[in-house]
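Chain A is already provided as a structure; the job is to place chains B, C, D, E, F, G, H, I and J on it using the hints.
There are 10 protein chains.
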Amino acid sequence: MDKVTMTETIIASKLEKGLTWEAIAEKVGASPVWLTSACLGMNSASPEQAAAICDCLGLGSEVSTALQKFPTKIWEQTVPTDPLVYRFYEIMGVYGDTLKEVIQEKFGDGIMSAIDFNMEVDKEENPKGDRVVVTMSGKFLKYSAW
Amino acid sequence: MDKVTMTETIIASKLEKGLTWEAIAEKVGASPVWLTSACLGMNSASPEQAAAICDCLGLGSEVSTALQKFPTKIWEQTVPTDPLVYRFYEIMGVYGDTLKEVIQEKFGDGIMSAIDFNMEVDKEENPKGDRVVVTMSGKFLKYSAW
Amino acid sequence: MDKVTMTETIIASKLEKGLTWEAIAEKVGASPVWLTSACLGMNSASPEQAAAICDCLGLGSEVSTALQKFPTKIWEQTVPTDPLVYRFYEIMGVYGDTLKEVIQEKFGDGIMSAIDFNMEVDKEENPKGDRVVVTMSGKFLKYSAW
Amino acid sequence: MDKVTMTETIIASKLEKGLTWEAIAEKVGASPVWLTSACLGMNSASPEQAAAICDCLGLGSEVSTALQKFPTKIWEQTVPTDPLVYRFYEIMGVYGDTLKEVIQEKFGDGIMSAIDFNMEVDKEENPKGDRVVVTMSGKFLKYSAW
Amino acid sequence: MDKVTMTETIIASKLEKGLTWEAIAEKVGASPVWLTSACLGMNSASPEQAAAICDCLGLGSEVSTALQKFPTKIWEQTVPTDPLVYRFYEIMGVYGDTLKEVIQEKFGDGIMSAIDFNMEVDKEENPKGDRVVVTMSGKFLKYSAW
Amino acid sequence: MDKVTMTETIIASKLEKGLTWEAIAEKVGASPVWLTSACLGMNSASPEQAAAICDCLGLGSEVSTALQKFPTKIWEQTVPTDPLVYRFYEIMGVYGDTLKEVIQEKFGDGIMSAIDFNMEVDKEENPKGDRVVVTMSGKFLKYSAW
Amino acid sequence: MDKVTMTETIIASKLEKGLTWEAIAEKVGASPVWLTSACLGMNSASPEQAAAICDCLGLGSEVSTALQKFPTKIWEQTVPTDPLVYRFYEIMGVYGDTLKEVIQEKFGDGIMSAIDFNMEVDKEENPKGDRVVVTMSGKFLKYSAW
Amino acid sequence: MDKVTMTETIIASKLEKGLTWEAIAEKVGASPVWLTSACLGMNSASPEQAAAICDCLGLGSEVSTALQKFPTKIWEQTVPTDPLVYRFYEIMGVYGDTLKEVIQEKFGDGIMSAIDFNMEVDKEENPKGDRVVVTMSGKFLKYSAW
Amino acid sequence: MDKVTMTETIIASKLEKGLTWEAIAEKVGASPVWLTSACLGMNSASPEQAAAICDCLGLGSEVSTALQKFPTKIWEQTVPTDPLVYRFYEIMGVYGDTLKEVIQEKFGDGIMSAIDFNMEVDKEENPKGDRVVVTMSGKFLKYSAW
Amino acid sequence: MDKVTMTETIIASKLEKGLTWEAIAEKVGASPVWLTSACLGMNSASPEQAAAICDCLGLGSEVSTALQKFPTKIWEQTVPTDPLVYRFYEIMGVYGDTLKEVIQEKFGDGIMSAIDFNMEVDKEENPKGDRVVVTMSGKFLKYSAW
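Protein chains in written order, with full-length UniProt numbering: chain A, 1 to 146; chain B, 1 to 146; chain C, 1 to 146; chain D, 1 to 146; chain E, 1 to 146; chain F, 1 to 146; chain G, 1 to 146; chain H, 1 to 146; chain I, 1 to 146; chain J, 1 to 146.
Okay, chain A solo, but in the shape it has when bound (with noise of 0.2 angstroms):
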């Protein structure tokens, strides 16, 4: 089973069986961001979060060893069209500079790992409308001679 099969399958799987990301990341005890990665295919599972991603949707073992698969990591290199996706590219395209300048100013010539990552998406409550808190956190990786 390939990987865009095995997402067809968890999506089917969890829409009948009424579940949230959320509720499948806390039974399975990961964050739901990396949760859901994994299940659309762009991170891979251990042995035990593949069986207990399957317990909890009631999939077989075919799920559970395309969960466990290295993945090949494919997106359109052009900027995506969806309203949601887009955002972030424009924040990215307004504010990439400002990073570069900020991180490097705060640790040296260096990058934030995409590797050694994670990140998490929170709900803030606010009268004049709630807002979405993504945070994301890298490990600096610094550049050096040789």
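It cannot be assumed that every hint is accurate.
What the hints assert, rightly or not - Quick look at which bits of chain F chain E covers, simulated, 3 or more residues with Cβ under 8 angstroms: (1) 10-23; (2) 28-38; (3) 104-117.
Said to hold, decoys possible - DSS-like, lysine-lysine: derived pairs with alpha carbons at most 30 angstroms apart: (4) J/Lys106 <-> H/Lys69; (5) C/Lys73 <-> C/Lys128; (6) G/Lys123 <-> H/Lys69; (7) B/Lys17 <-> B/Lys123; (8) C/Lys123 <-> C/Lys14; (9) J/Lys123 <-> I/Lys106; (10) C/Lys142 <-> B/Lys73; (11) B/Lys106 <-> A/Lys3; (12) E/Lys128 <-> G/Lys69; (13) H/Lys139 <-> F/Lys69; (14) G/Lys69 <-> G/Lys139; (15) J/Lys106 <-> I/Lys73; (16) F/Lys73 <-> D/Lys139; (17) A/Lys14 <-> A/Lys123; (18) I/Lys73 <-> J/Lys123; (19) G/Lys14 <-> I/Lys69; (20) G/Lys27 <-> F/Lys142; (21) C/Lys142 <-> D/Lys17; (22) E/Lys128 <-> H/Lys123; (23) F/Lys73 <-> E/Lys106; (24) H/Lys27 <-> F/Lys69; (25) B/Lys73 <-> A/Lys123; (26) D/Lys69 <-> F/Lys14; (27) F/Lys128 <-> E/Lys128; (28) H/Lys123 <-> G/Lys123; (29) F/Lys73 <-> G/Lys27; (30) A/Lys3 <-> C/Lys3; (31) D/Lys3 <-> F/Lys123; (32) J/Lys106 <-> I/Lys3; (33) B/Lys142 <-> A/Lys128; (34) I/Lys106 <-> J/Lys139; (35) F/Lys139 <-> G/Lys3; (36) E/Lys14 <-> E/Lys27; (37) A/Lys106 <-> B/Lys14; (38) F/Lys139 <-> E/Lys139; (39) H/Lys142 <-> I/Lys139; (40) H/Lys128 <-> G/Lys27.
Simulated from the structure, these hints should not be mistaken for lab results. Ideal Cβ positions, reconstructed from N, Cα and C, are used throughout, including at glycine.
Relative to the frame of chain A, chains B, C, D, E, F, G, H, I and J by itself:
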């Protein structure tokens, strides 16, 4: 004075005085991320903010006027090659659909605003290597029929 | 049922019953533009709206469920070739900077929302040739510092 | 004098005199949208209109001649990144096929002209936040066989 | 029946009956260029024209209905590689600015309509090699202020 | 003198003398389309033609030499945005396959030459609106085996 | 039968019979390059050539008919990645302007035809390593005024 | 002196002295194609060759040094629009796969080198119109396992 | 059997037998990098190598024949998004010009062959984190005049 | 002084003094690859390294300061055309998926770092032709859940 010359003037003066974005931001009473983005020409400042920035850097009214102009926000639409900025695009490519799933599960059909929006960068010390922490907060905007 | 099959099912049924988008919209109590966009898969309907659309077209619960799904809005990013649609892109190309000048002169630094937004199409009879009148209305969103 | 220099000259003079596009348009007796597009080099003015614009801004015959030249209308074919302009492209992406369905249902096989065309921008005050109202009107052109 | 299937059905029937576009056009009472473009799905036919085409080719009402549908005109925006078609793009690349100069010198600021338009192809016998003669005729549309 | 400077010099002189392309072509004894294309740098002139053009415009031998140079014909490969030029590309997009069908039906497998080629533009007066008539003539070149 | 199926059928039969392009070409009395290009769907064969090819490969009239169809020549416009084909594009990139200089110095303003054209491939044995020799011959076509 | 200035200097001197590439090549004792490519900056010359070229054109040591530099070979990756150069790309598009079939049938799995390579251009007189003959010769390089 | 099916068959069999590329390579007597590239369809195997691979994986003659076919090497020309593969492109982007400087300083004007070429991957254990070591070796090919 | 001017200054001085990258690297005590990349503006030097480079080339403090700046690493995202650099991209295109298979088989799900990374170039003498040997070493970074 256009925004490009304004940015060059500000950066030259900042280097000469040995100031950091963080120090300027503190004196101006604004977030370092916002302050940097305004100085890089990606946001407009109020007359008071513009005056405070120029006062801090010893710059004249031409720069102050340029800081107040409404920017035309232009950036390369191809994915940028600088490793620090690229990693943020990679995160959006890997986690874009995950963010859509998780946010719309929490909030309904809509988007996180990139206009009514703010962002912070923090340094988290860690014995295995310090971490970059980026926090974004944007108002949720809901679709409705008409 | 995905949105593409939903749209095909709706259009087949609409042709068979000889209905127009305008007639369906009137029965549903919505604007023809919004109604058409929801049936083409570019907006989500409330349960009541979805039921009314299906009732009007003699369609079942699968279509109703598909109409309520939150869409992923995808379109070609190259300028479209169909002459009717191209002319609207030409208008945006010719008048885009003009709209920025005129709107920001009236409202300050910010944008017209494409989420809190509606649009109407009218026919204006005219002896020299009838005219198409398109009216768009979107909430103004202001940038502010943090 | 080419159109680019003409636009720079007009904008410098407008800033110096503290005029708005709306005020100039009123003196010239034209719509603010058309007036702005002519000053940005995207439409040609009649000798009378060009004279009125230059009179209002205290500019000479070189600018007047440039305003009368037939423009070559060039714009970036990649979707623009400025958030205000991008939102209009997003609207066309989301609602382009809807406009085709609704207009051709009302008028038959043909297009809305972008040449025999005009557009207005209005501000609608609203306690939940003011709204931008854009109205476009174009002659319907019908396809016919030969 | 969609336009693609319609075109395949018409071409199969045309080959089987050994007809030419020119012969069909003559029976239908239309120009060969228009007739071919309608059969290739790039123009819509009136009910009478559609009936005449189907009568001539021995095809049923499904094809006739498909011929009457308003087409969505889609083509590749990259320059086509087929040598016959490429040469026409080369002509437009070499002579595009020349056409703009010569037409606007004759007519003023405006365009040649591609909607109120027709085109013919003729064979001119010539001892040095026969020549292809293509004649295009389109209504001039003038820009005017508002 | 390169072709770009040559074109600028010719256009400046033509404006100053109040000449039209048509008038220059008549004096030179050439078609207005060819004459304009040579002056825009897209064709080379013979020494006699170059001398006649310069004589007519009061220009010296540098321009004459530049007119005789073999041009490198470069144009934008993205579809041009100017509405007059775009309409010709739209015609080629809509009717390209039709031209292939109709020409190869008449002539066999081959192409219309864009080198052994000429083109004229005429104005056809018409009470419903004047029409632009463009006539292209190119030698047919046949494919053959070897 | 379309050209793609035709090519697959020919290649399957060629493999089964253990024939080479060179052997087929010799039996048909044509150049191996032209023969291969016709079998790959990039040129049309005469009825006699088509019959000879099918006779040689033991194929029926469907393939023969397909070989006689006038091809629509389509290829990828991005530079191909296969190393053998890429090297020819590299040669054109490195030597394109050189070919223009050398050919037009010898022949005047014009081009080498790609229609009235033929090409051969030979093997030149060489102790330092055998060499591929490719010879192209095309009619010179001259530009002339009108 | 960079390669661009070097080429301009050589071409100016060549025009002034009324020399052809062929004449220079003969004096230098090299092929006209190689000589032209070195003068256009696409190949490096030995000190002796560089001295001979400069001697022939009356140019100094700066040009000689520039001719000896190892070039960075850059060209536009979009297909060029100049008709002479485009025809060679069309030939590669139409016959690229044919060349792969014919060469690998003769030589095995490998490529024709574009480095250990040479090319000649000849004029073949012909009563039906003179022909351009281009001959390319490159060493065959074989793939092997490891 | 085409190369795509061949690769799928090999990978399915490899998973079922629990073999690694390294183990297969050892049995076949080839480098793991070359062996993997041949199984992924990017190199051709000799009859003996193909037989050894199939023997090892329990596969039949169809797979063996497919392994011996000369591949057409196709890959995406846009920079790939998978993080492991992207990092190698980033290295080439950052160090491409450096490689040119350093190699041509050592060897003269020429290139490193990608045909007469091999590559190895090793694991270097390291207390600060294991390291990936990639070694490439290619024959130097020199440019020479003709 | 920006990085572009810095590189031009360094290269001019290096040519004048007749130094090689290898000689400068030896004096500075760094690898030739790293040293060259820093001088080409793709890495930042420490104050000591910058001083040593400038000392060796007889350059002042402006160059030293520029060498210490954190670079914004920009390169063309289209595949480069220079044959030496292109061959490395071809290697990545042909062997990219192979590298992913072989590295992840050895190390698990993760990547080779391009930040904690170094590279060497060596010359291997060989009677059949000298070989270029490139060795890359990067830390393995593992994905883990959160």
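Okay, the hints, checked on the actual structure:
1. 10-23: holds (count 3)
2. 28-38: holds (count 4)
3. 104-117: holds (count 11)
4. J/Lys106 <-> H/Lys69: Not OK: J/Lys106 and H/Lys69 at ~44 angstroms, beyond 30 angstroms, violated.
5. C/Lys73 <-> C/Lys128: violated (38 angstroms)
6. G/Lys123 <-> H/Lys69: Distance ~33 angstroms between G/Lys123 and H/Lys69 Cα, so the pair is violated.
7. B/Lys17 <-> B/Lys123: Roughly 24 angstroms separates the two Cα atoms, so the pair holds.
8. C/Lys123 <-> C/Lys14: Holds, at roughly 22 angstroms.
9. J/Lys123 <-> I/Lys106: Holds, at about 7 angstroms.
10. C/Lys142 <-> B/Lys73: Holds, at roughly 15 angstroms.
11. B/Lys106 <-> A/Lys3: Judged against 30 angstroms, a Cα distance of about 25 angstroms means the pair holds.
12. E/Lys128 <-> G/Lys69: holds (27 angstroms)
13. H/Lys139 <-> F/Lys69: violated (37 angstroms)
14. G/Lys69 <-> G/Lys139: Distance of about 25 angstroms is within 30 angstroms: holds.
15. J/Lys106 <-> I/Lys73: holds (26 angstroms)
16. F/Lys73 <-> D/Lys139: violated (38 angstroms)
17. A/Lys14 <-> A/Lys123: holds (22 angstroms)
18. I/Lys73 <-> J/Lys123: OK: I/Lys73 and J/Lys123 at ~28 angstroms, within 30 angstroms.
19. G/Lys14 <-> I/Lys69: holds (15 angstroms)
20. G/Lys27 <-> F/Lys142: holds (25 angstroms)
21. C/Lys142 <-> D/Lys17: With a Cα-Cα distance of about 26 angstroms, the restraint between C/Lys142 and D/Lys17 holds, given a limit of 30 angstroms.
22. E/Lys128 <-> H/Lys123: holds (22 angstroms)
23. F/Lys73 <-> E/Lys106: holds (26 angstroms)
24. H/Lys27 <-> F/Lys69: holds (26 angstroms)
25. B/Lys73 <-> A/Lys123: With Cα atoms ~28 angstroms apart, B/Lys73 and A/Lys123 stay inside 30 angstroms; holds.
26. D/Lys69 <-> F/Lys14: holds (15 angstroms)
27. F/Lys128 <-> E/Lys128: violated (41 angstroms)
28. H/Lys123 <-> G/Lys123: Measuring from Cα to Cα gives roughly 23 angstroms; hence the hint holds.
29. F/Lys73 <-> G/Lys27: Violated, because 43 angstroms separates the two Cα atoms, which is more than 30 angstroms.
30. A/Lys3 <-> C/Lys3: Given that 30 angstroms is the threshold and the Cα spacing comes to 22 angstroms, the pair holds.
31. D/Lys3 <-> F/Lys123: Cα-Cα ~28 angstroms, so holds.
32. J/Lys106 <-> I/Lys3: holds (25 angstroms)
33. B/Lys142 <-> A/Lys128: The hint holds at about 13 angstroms.
34. I/Lys106 <-> J/Lys139: Holds - the C-alpha atoms of J/Lys139 and I/Lys106 are around 28 angstroms apart, at most 30 angstroms.
35. F/Lys139 <-> G/Lys3: Answer holds: F/Lys139 to G/Lys3 is near 28 angstroms, not above 30 angstroms.
36. E/Lys14 <-> E/Lys27: Distance of about 14 angstroms is within 30 angstroms: holds.
37. A/Lys106 <-> B/Lys14: OK: A/Lys106 and B/Lys14 at ~16 angstroms, within 30 angstroms.
38. F/Lys139 <-> E/Lys139: Given that 30 angstroms is the threshold and the Cα spacing comes to 28 angstroms, the pair holds.
39. H/Lys142 <-> I/Lys139: Since the Cα atoms of H/Lys142 and I/Lys139 sit roughly 12 angstroms apart, the hinted pair holds (cutoff 30 angstroms).
40. H/Lys128 <-> G/Lys27: Since the Cα atoms of H/Lys128 and G/Lys27 sit roughly 29 angstroms apart, the hinted pair holds (cutoff 30 angstroms).
Of the hints listed earlier, those the structure fails to meet are numbers 4, 5, 6, 13, 16, 27 and 29, in rising order.
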